[in-house]
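**Student:** Residue-level listing of the chains:
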Amino acid sequence: MVYLTRKAEFSASHYYHNPDFTPEENRCIFGKCNNPHGHGHNYTLEVTVKGEVDPRSGFVVDLKQLKEVMHHEVLDAMDHRFLNKEVPEFFTRIPTTENLAIAVWQRLETKLQKARLHRVRVYETPDLFVDFYGEP
Amino acid sequence: MKAHLTRRYRFSASHRLHSAEMSAEENRATYGKCNNPHGHGHNYALEVTVSGPVDQSTGMVCNLVELDTFVEKEVLSRYHLENLNTLQEFAQLVPTTENLSVEIFEILQRGFRPAHLERVRLEETMMNSFEYAGAAEPRK
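Residue numbers (our numbering), protein chains in the order written: chain B, 1 to 136; chain Y, 1 to 140.
No wet-lab data here; the hints were simulated from the structure.
Please note: incorrect hints may appear among the correct ones.
[Unchecked claim] Which bits of chain B does chain Y cover? Going by a derived footprint, with three or more residues having C-beta under 8 Å, they are:
hint: 1; region: 16-27
hint: 2; region: 38-44
hint: 3; region: 95-106
Using N, Cα and C, we set each Cβ at its ideal position, and we do this for glycine too.
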């Protein structure tokens, strides 16, 4: 089994707010991230796929296809967007780094042809990242 | 759904690698420059990985403030700008980054409750790093 990782960057804004909480609870739990005008990050995305090396091509996956799927499914939808208002997953889910990693996995999972998704890693900053392995 | 969250911290400390069980010559041969009796220092980078189900109401594995507060109080304030050899845990134990990784893992495992501790990863310099996940293999 060989693992292959492709990296991408996107920038987006978000804020954390749960309508079931009172304004005070929201401020207390989410702190500055609760500012309704949002704030932004430069996100780095790492997508790792796994598979056996195809003896004819020498590839685990066609990197061009992986790159195109990542662009189409993730970057086109999220780069330079306000996640809460423009990305449907986050109309109902809070756009934390955890939920972002899950959303990226769900967007990619059905679109990849030969490769099996192993891990989605999303860096919110160089000092904070989340890994999602598709576990329930 | 289960996710893994990793947070990166930094601290600086000095140490000397020297084993009381070895002769002076053996210490020099084993530890080289690191055996300098006056010690030397590093800028360490620490990564702490915790895991758990993503709470639907917060979207989080655990509140980052709780993790930061714990690590600041129990790890960073203990090691930052200290000489590791002077600390109680390294009275009998050589303060290699292997041993420091295990110590930090155990501090977290003993006291941090909001999420499951997966692993610690410690960079001694940009060229070498160490991972410890207790009884488990660190996940890739």
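**Student:** If you count the residues of the region 38-44 of chain B with a beta-carbon closer than 8 Å to a beta-carbon of chain Y, do you get 3 or more?
**Tutor:** Our answer is that it is violated, as 0 residues pass the Cβ test (under 8 Å) against chain Y, missing three.
**Student:** Is the listed coverage of the region 95-106 of chain B by chain Y valid when you require three or more residues with a beta carbon under 8 Å from a beta carbon of that chain?
**Tutor:** Answer holds; 7 residues pass the 8 Å Cβ test.
**Student:** According to a criterion of three or more residues whose C-beta lies within less than 8 Å of a C-beta of chain Y, is the region 16-27 of chain B covered?
**Tutor:** holds (count 4)
Violated hint: 2 only; the structure is consistent with all others.
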